[in-house]
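Asks: When you get a sec, could you build the whole thing from the sequences and use the hints?
2 protein chains.
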Amino acid sequence: MDWLKIFRTEKKNSAQTAKDRLMVAVAYQREGRMNGPNYLPQMREEILAVVRKYIRVPDDSVHFNVQREDGLEVLELNITLPEDAPR
Amino acid sequence: MDWLKIFRTEKKNSAQTAKDRLMVAVAYQREGRMNGPNYLPQMREEILAVVRKYIRVPDDSVHFNVQREDGLEVLELNITLPEDAPR
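Respectively, the protein sequence lines represent chains E and S.
Counting in the working numbering, the first sequence runs from 1 upward without gaps.
Counting in the working numbering, the second sequence runs from 1 upward without gaps.
Hints should not be assumed to be uniformly reliable.
Because identical chains cannot be distinguished in the list, a pair is counted as satisfied if it fits within a single copy or across any two copies.
Said to hold, decoys possible - Listed below are the simulated SDA-like cross-link pairs for lysine to any residue, each with C-alpha atoms no more than 25 Å apart in a straight line:
1) 19 to 80
2) 53 to 66
3) 19 to 53
4) 19 to 42
5) 5 to 37
6) 19 to 54
7) 53 to 41
8) 53 to 78
9) 53 to 71
Please keep in mind that the hints were generated in silico from the structure rather than gathered at the bench.
Replies: Quick look at the structure:
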């Protein structure tokens, strides 16, 4: 998948081009029409915990988005980094 | 970002449509031309550790891909799930 193209496009469309951003997408693609497995929400929480361990940002800088359709479930995590965030 | 569209397209293009898949993308978008911060590789390792805690798969089922260009760095993690994987 050409992720550079995907995120480059996103960058152009975003009003927040002046700040660094971290984006995490977790997608579960299931054969058939059922949703993802039961552990997905917990796994996402732990992934978020890892991210927050490294990047301390205020809650309102973190945006979640879950998208679902038959057999496909995607969590998007979008973090706008403050200029004084530890790097 | 319309993740469903992105992953739906990926699914159509993949030969592995008969199995469940988990995809994780971590993108760091930096203002200017430098690469992402030093903690990125370590953070990715820990995210992978979380994923592997929930999904026990053989090493050859896990595919990494890092894409880089000026100011943008994306790690893609693509896991084909065996049919007997814990869910």
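Asks: Work down the list of hints and note, for each, if the structure agrees.
Replies: Each hint tested on the structure:
{"no.": "1", "hint": "19 to 80", "result": "within (7 Å within a copy, 35 Å between copies)"}
{"no.": "2", "hint": "53 to 66", "result": "both (22 Å within a copy, 22 Å between copies)"}
{"no.": "3", "hint": "19 to 53", "result": "within (20 Å within a copy, 33 Å between copies)"}
{"no.": "4", "hint": "19 to 42", "result": "between (29 Å within a copy, 22 Å between copies)"}
{"no.": "5", "hint": "5 to 37", "result": "between (30 Å within a copy, 21 Å between copies)"}
{"no.": "6", "hint": "19 to 54", "result": "within (17 Å within a copy, 33 Å between copies)"}
{"no.": "7", "hint": "53 to 41", "result": "both (18 Å within a copy, 14 Å between copies)"}
{"no.": "8", "hint": "53 to 78", "result": "both (15 Å within a copy, 24 Å between copies)"}
{"no.": "9", "hint": "53 to 71", "result": "between (31 Å within a copy, 23 Å between copies)"}
Checked against the numbered hints listed earlier, the structure breaks none of them; every hint is satisfied.
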